[in-house]
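Asker: Okay, here's what each chain looks like letter by letter:
Protein chains: 2
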Amino acid sequence: MKYVSIAPDGKEYRIPTEEDNAAERALLDQITEEQRKMGRKIVAVQGLGFVGCVMASVVADATDENGNPYYYVHGHQRASKRSYWKVPVINSGIPPVASSDPEVPEIFHRTVVEKKNLRATSEDYVYSLVDIVVVDIQLDATKPAFGQAELGYCDLTQFREGIRTLGQRIQPHCMVLVETTVPPGTCEKVVKPILEEEFTRRGIDINVNPPLIAHSYERVMPGSKYVASIRDFWRVFSGVNKKSIELCHEFLSNCLNVEEFPLTQLDHTNASELAKTMENSYRATNIALTLEWAKFAEEIGVDIFKVRDAIRMRKGTHDNLLRPSLGVGGYCLTKDPVLANWSMEALFDLENALHVAINSVNINDTMPLHTVDIIKREFETLNNVKIAVLGVSYLENVGDTRHSPSKTFVEALRKEFAIVKTHDPYVEAWPELEEAVVEDDITKVLPEADVVVFAVGHTQYLKLAPADVVKMCNTKPLIVDCSNFLSDETIAEYKALGCKVRGLGKGHIVD
Amino acid sequence: MKYVSIAPDGKEYRIPTEEDNAAERALLDQITEEQRKMGRKIVAVQGLGFVGCVMASVVADATDENGNPYYYVHGHQRASKRSYWKVPVINSGIPPVASSDPEVPEIFHRTVVEKKNLRATSEDYVYSLVDIVVVDIQLDATKPAFGQAELGYCDLTQFREGIRTLGQRIQPHCMVLVETTVPPGTCEKVVKPILEEEFTRRGIDINVNPPLIAHSYERVMPGSKYVASIRDFWRVFSGVNKKSIELCHEFLSNCLNVEEFPLTQLDHTNASELAKTMENSYRATNIALTLEWAKFAEEIGVDIFKVRDAIRMRKGTHDNLLRPSLGVGGYCLTKDPVLANWSMEALFDLENALHVAINSVNINDTMPLHTVDIIKREFETLNNVKIAVLGVSYLENVGDTRHSPSKTFVEALRKEFAIVKTHDPYVEAWPELEEAVVEDDITKVLPEADVVVFAVGHTQYLKLAPADVVKMCNTKPLIVDCSNFLSDETIAEYKALGCKVRGLGKGHIVD
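Protein sequence lines, in the order shown, are assigned to chains A and B. Under numbering that gives the first Met the number 0, think of the first position of the first sequence as 0, with each following residue one higher. Under numbering that gives the first Met the number 0, think of the first position of the second sequence as 0, with each following residue one higher.
No false leads were mixed into what you were given.
No copy labels: a pair is met if it fits in one copy or bridges any two.
The calculated DSBU-like cross-link candidates involving lysine-lysine, where the alpha carbons are at most 35 angstroms apart (straight line), are:
(1) K314 / K40
(2) K115 / K242
(3) K470 / K414
(4) K499 / K241
(5) K314 / K191
(6) K462 / K314
(7) K115 / K36
(8) K242 / K494
(9) K224 / K462
(10) K188 / K40
(11) K499 / K188
(12) K499 / K191
(13) K224 / K314
(14) K314 / K241
(15) K494 / K188
(16) K242 / K314
(17) K475 / K241
(18) K462 / K241
(19) K242 / K36
(20) K80 / K224
(21) K188 / K375
If you are wondering where the hints come from, they were derived from the structure by calculation, not from laboratory data.
From just these sequences and the hints, can you work out the full model?
Answerer: Set out below in structure tokens:
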């Protein structure tokens, strides 16, 4: 058995041996000495996922008025088979994430290859050398039962381990900046006790050197402005004590575009942690509301999307009303309300009582079943009905399948014994539904389809001519529009070609 | 028994006799003839409540490019003891509503006295003379059980009667524009059948002359921009057929500032009716969400209002997050979700299923109980506790008490045998809680108070100096802030004076 980590492109990377690690530690010492001589502070980013890797490059890219980088940045990734490959890939100047944002490869090349102040490592030893650690450990919510987010919880095991590693290594002056979205209370009630315990074990007097812990959450948006969504965007922050707040303020002010996007300081980490989960709960609730109105609209011949546009004319108060769709996916709206609700009891000994937000998660999680119902109304049975699903990512023009509603949708169709084929031009693999074959050639999913579902608004789908779709199908398929992807004109074309058309929230197209 | 109608200022107006009415009919004929010669169309506004009276003045105030009024406007108000006084008051050039908007008296004087193209009448005969009727009949939802808006319904009796009056009178070419917020489906399923029935009864062939019915909802905001909120604001409209839509488009384009605030046309009255109730449901849901987070914030030492400000930094997507308070009042957010939910079954034979919106109404209706709980935590019993409530209107700097949350609040305190005194500089009478004496002199409610509740954010209250309040009380009262009316500095002053301070959503001030 070879100890290798395999990158998405199939290339294998050998996981470091203890000998490699000894050499790495010597190299880290050498780098630190050199960089300190250049007056730079040393930063480690813990966890090189979607946020961590780009945050690391943004920190490395930040310079003072003379163009000198403030920081040398170590990206730290554990040497697991699943993720170690990111270390050598980054060190070759290549980002470990695919993105439609052209700035992503640019900033990695600039910091790793040109400025040479970003480097990845898998050696924990690095934490003993740094002034700042940015914690970007992934943290998910577990929802043990479908549609019952009230039972959701958060397994902090790995997060605690990561923090303990820091407690065992960092110097007392090192600021730990938690950027991971965490249950409110985590910095105060999880991070702080662990660091205090490990400091004490190491003989550090925590009365003289209380751990320096700050929290500032990212508002990353995947897509074409990925880097800007980290660097050029409003940030909220706080810390567990005055010194932490000061250090965090200095760090964020150095790294981010705070002149155009001023920082918001809150009184306590509890507040900034709560703010993050509340803002995503707000969006989740906003979407959940729309589903019930969409169903009503379907029944009374109304186009909910035109209603939405009418409401959104009220600038400043109503223009952010979201829209119903196949469902809600991604990493934030699906889990953040659960983190907050769970923390009420788990961290504060209160009753879990964020009912509005949790109910919204339940509505959103089960939203794909409504599109199944729309299809079922048109068939006596879905047994052997051939259904082509166009789009399996959770967002238009993005290949991210995390918590994609298409998963719930496809599984529900299969339960009815439908024959489901899926297509997505952006998705290479669908790890959440591994047995599904995601085609990137539309001619492999359309032929003989009884139903064509426009599940995601990828630009490629919006350009499809009805005549071509019907020709490829060689049937007169039922066309299903999940979120107003088809214009009234396109719908009329499909109807003229003999197809039935149905749409979520589109009561006006029912014949 | 004198047949008089008494205005709010106490002045009595004799209700017209049949002789008066005969003279009025002759006058209406004469006015119509004169005005038609001047090329003007004739409009009636049915119902001179908060919306109708100002809408009537806006329509009368509209002129063509030569400064000539498009319309002569009859405001129609039934000759009831409760409301007839509005007719003579308007005809003297005085608005029948109190408002902080200086444009209200101006526009009434301009149209009634100067242009002489606005006049009020109580004679139904007027409807036989007009080209357009704007329906502004009041329509409320009934909620038979506190906190159970799912049982809510809408009594359409009076609305139907008003529409029948039109059906019995109007000429076939007359457009009926419903501006009242109605349950979705009302134009199609209530207004249209009544007009068709009455037309048929009158021998009008409804195949040749189908009733012309349009719907366009107002978005009135009481306060200092009352007139502008009708005239200079986005409007949504539709009609039951093509001709109605055309006529409505022409009418609104003539009357409103559609260049700056373009009209939104929807396909059907069902859609525009649904839009109105949905946009208010959206706001109601937005507020309901915040209460649960405010309670969480209270428990974990967080200021929810600072969190809200942090979230609202995200311009365009999150900056309209509303805030928790004593509760939600007024005429729209409290009833519109109920109208829509009820109509699902009553008008469309569907299951009432707007659970998110209805649940939000329930949360909002019961929100005042949370402030009661905040007070109860500080006393063994509320029996004989003296509580001064500052503010009983539903909105700051406005005297409108309709559905004010202070009513629920005061009633709940009284149930606990507290001794409640209320103050409001804007409220002369509190018809919803008639036995309550609303003082306009703060020195009559503060002395000996054990608790001072800042219930509404009237500017006058925000200016109160803590030292003065404590001195007037001659106690060290518990200070309760219902919606972030007191700054951290003011709170510190109260504490320095020996007062305890508590606030909804303000966990950080707990000592």
